[in-house]
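The sequence shown begins at 1166 in the working numbering and counts up by one.
Hints were generated in silico from the structure; no laboratory data involved.
Predicted model, so just to flag it, every value in this text is computed and none were measured.
One or more of the hints may lead you astray.
Unchecked claim - Calculated lysine-lysine pairs in the DSSO-like style (CA-CA distance at most 27 angstroms, straight line):
| id | residue 1 | residue 2 |
| --- | --- | --- |
| 1 | 1260 | 1210 |
| 2 | 1260 | 1218 |
| 3 | 1260 | 1203 |
| 4 | 1261 | 1210 |
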Amino acid sequence: MEVSKHFHSLGIPFLISPEYLKQRNLGQVDVCFLLNNKVVIAECKSSGPFVSKRQLTRLHNALEQICMILECEGLLIVVYGFAKSLTSAYPFNIKKIGELR
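Kindly generate the complete structure, drawing on both the sequences and the hints.
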């Protein structure tokens, strides 16, 4: 996915086992990377920036768990509105939906 490629190029990408998250009733993570010693989790939506309250809670809990393990701050964003063409300078929108300090 081009969105993953874009965000992974900004920092240090890493994978989180879906099994690990599922066992702890945490939200699955679409894209995750380290940027300036901060964990960034990006939830990718093809349409609008709408995340259900339940999903937001699970994603926030996943962010808390990861930040606790890595002992760093975190940021939760939603990426939405992918352009039909990736030739535009910024083919999607970003909205901050959570933060841990």
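Results of checking the hints against the structure:
| no. | hint | verdict |
| --- | --- | --- |
| 1 | 1260 x 1210 | holds (11 angstroms) |
| 2 | 1260 x 1218 | holds (15 angstroms) |
| 3 | 1260 x 1203 | holds (17 angstroms) |
| 4 | 1261 x 1210 | holds (13 angstroms) |
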